[in-house]
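Visitor: Going down the list, the protein sequences come from chains A and B.
Everything in the first sequence is counted per our numbering, starting at 3 for the first residue and increasing by one.
Everything in the second sequence is counted per our numbering, starting at 185 for the first residue and increasing by one.
Errors might be hidden in some of the hints.
Lysine-lysine pairs mimicking DSSO-like chemistry, simulated, CA-CA at most 27 Å apart [stated by the list, open to error]:
{"hint": "1", "chain 1": "A", "residue 1": "K40", "chain 2": "B", "residue 2": "K342"}
{"hint": "2", "chain 1": "B", "residue 1": "K342", "chain 2": "A", "residue 2": "K97"}
{"hint": "3", "chain 1": "A", "residue 1": "K97", "chain 2": "B", "residue 2": "K307"}
{"hint": "4", "chain 1": "A", "residue 1": "K204", "chain 2": "A", "residue 2": "K194"}
Rather than coming from a laboratory, the hints here were simulated on the basis of the structure.
One-letter residues, chain by chain:
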Amino acid sequence: MSDLFPKWTNRLPLYAAVSGVLAVTSVTAAVWYYFTPKYARVGYQPLQPVTFSHATHADQLGIDCRYCHNGVEKSWFSNVPASTVCMNCHVQVLKDDPRLALVRESAQSGRPIPWVQVHKLPDYVFFNHSVHVNRGISCVACHGQVNHEDEIRHLQPLSMTFCLDCHRQPAANLRPPNQVYNLDWQPASPEKQLADGTRFMKEWKVESLENCTTCHR
Amino acid sequence: MRYIFAVFALLVVLVVSVAGFRGQMSRRPPIELFPDMVRQPRVRPESYAEFFTNGFGSRLPVAGTIARDAAYQDLPLNTGRVPGTTNFVELSPVPMTAELLARGRDRFQISCLPCHGALADGKGITTKYGMTVIANLHDARIVQMGDGEIFNTITYGKNLMQGYGANIAIRDRWAIIAYVRALQLSQLGARDDVPPAQRAALR
Numbered sequence: 003m004s005d006l007f008p009k010w011t012n013r014l015p016l017y018a019a020v021s022g023v024l025a026v027t028s029v030t031a032a033v034w035y036y037f038t039p040k041y042a043r044v045g046y047q048p049l050q051p052v053t054f055s056h057a058t059h060a061d062q063l064g065i066d067c068r069y070c071h072n073g074v075e076k077s078w079f080s081n082v083p084a085s086t087v088c089m090n091c092h093v094q095v096l097k098d099d100p101r102l103a104l105v106r107e108s109a110q111s112g113r114p115i116p117w118v119q120v121h122k123l124p125d126y127v128f129f130n131h132s133v134h135v136n137r138g139i140s141c142v143a144c145h146g147q148v149n150h151e152d153e154i155r156h157l158q159p160l161s162m163t164f165c166l167d168c169h170r171q172p173a174a175n176l177r178p179p180n181q182v183y184n185l186d187w188q189p190a191s192p193e194k195q196l197a198d199g200t201r202f203m204k205e206w207k208v209e210s211l212e213n214c215t216t217c218h219r
Numbered sequence: 185m186r187y188i189f190a191v192f193a194l195l196v197v198l199v200v201s202v203a204g205f206r207g208q209m210s211r212r213p214p215i216e217l218f219p220d221m222v223r224q225p226r227v228r229p230e231s232y233a234e235f236f237t238n239g240f241g242s243r244l245p246v247a248g249t250i251a252r253d254a255a256y257q258d259l260p261l262n263t264g265r266v267p268g269t270t271n272f273v274e275l276s277p278v279p280m281t282a283e284l285l286a287r288g289r290d291r292f293q294i295s296c297l298p299c300h301g302a303l304a305d306g307k308g309i310t311t312k313y314g315m316t317v318i319a320n321l322h323d324a325r326i327v328q329m330g331d332g333e334i335f336n337t338i339t340y341g342k343n344l345m346q347g348y349g350a351n352i353a354i355r356d357r358w359a360i361i362a363y364v365r366a367l368q369l370s371q372l373g374a375r376d377d378v379p380p381a382q383r384a385a386l387r
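Model the full assembly from the supplied sequences, consistent with the hints where possible.
Guide: The following block contains the structure:
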């Protein structure tokens, strides 16, 4: 008999059990680790048609976000600037540079530059920029330190938990209104932030919006 | 047993090397795991829309129509000109208030500061990078210029300066003018203009 079933087959149940446990835990771990926007979205950094750098324009030159994204405090949507806005400066600065050829062509023809949209929520979520920035939520909370990036990268998961974590406790993120566009601003200390945030919540009547209809309509 | 662990380790290495880690840079668009209703046939602003022949999702008004909030009347507020003529108005039609000035300061610092500088002296940061002929707004010519003409410059631009009509709302343009006037006054002011109580604070 020992020819048909060698000795190691006695341990077959053990092997099966160990393999099973390994398989189940590793599949669980893989799903937990990979099947989330923290993996699927964060790090997305598409090649843009023009090598536009926020580090140059927003940090080095100190241009306010609203010079270009001028819809951000007026509407739900934060626009990407038209190429004529770039030409305000680039009629004189780098006016023959090949990196800007597409911008010049677009300003002349009126055909928009095909920028690739990086942050994009599902269509069943209704987001609103103006509500957030006018209530003291800085761009940095959702987009990271854009002003130090040469290419835009998706830095926050923008998942439902991500939104709700803040909506449950906005006080931790409310800034003085004049620091919303200053992405390098840091609160003096977490305690002070919480105290100020709680005060802002009272003064501006900020609500903690957790109702499904806030974002899904 | 060793084989099981070896195969398992190999599998883990394989998966991790193919899938990578969280937050790794990726040029490919995010994977949508359950794409049920994630992309719906609706138009997003500033995007391509197949429905229209020129593909522009954001539409321009139909020719010959006026939007409800458009500033079409021939009023000094909208044009900076005396109605019925091409003469610029001398004084802003918007009454000067502290809020208007504060708003003007805010808007000036967004839209004008990169070129004209915080003091409006034409020494903004872009002068270091090849913009050479930026007007100094303290020039006697511009100080004497009517408010209406500056309004026109902001709206349509002038010579090498491009217009900002599309980006700055009409009231904000007048607010900016109010702030520019305040800056000009600050440069023309004399010591005696300062109330006696605050003179000591001056250098």
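Visitor: A separate judgement is required for each hint: does it hold in the structure or not?
Guide: Evaluated hints:
1. A:K40 x B:K342: Not satisfied, since the Cα-Cα distance of roughly 49 Å exceeds 27 Å.
2. B:K342 x A:K97: Given that 27 Å is the threshold and the Cα spacing comes to 18 Å, the pair holds.
3. A:K97 x B:K307: The hint holds at about 20 Å.
4. A:K204 x A:K194: 15 Å, holds
Going through the hint list in order, the structure does not satisfy hint 1, though it satisfies all others.
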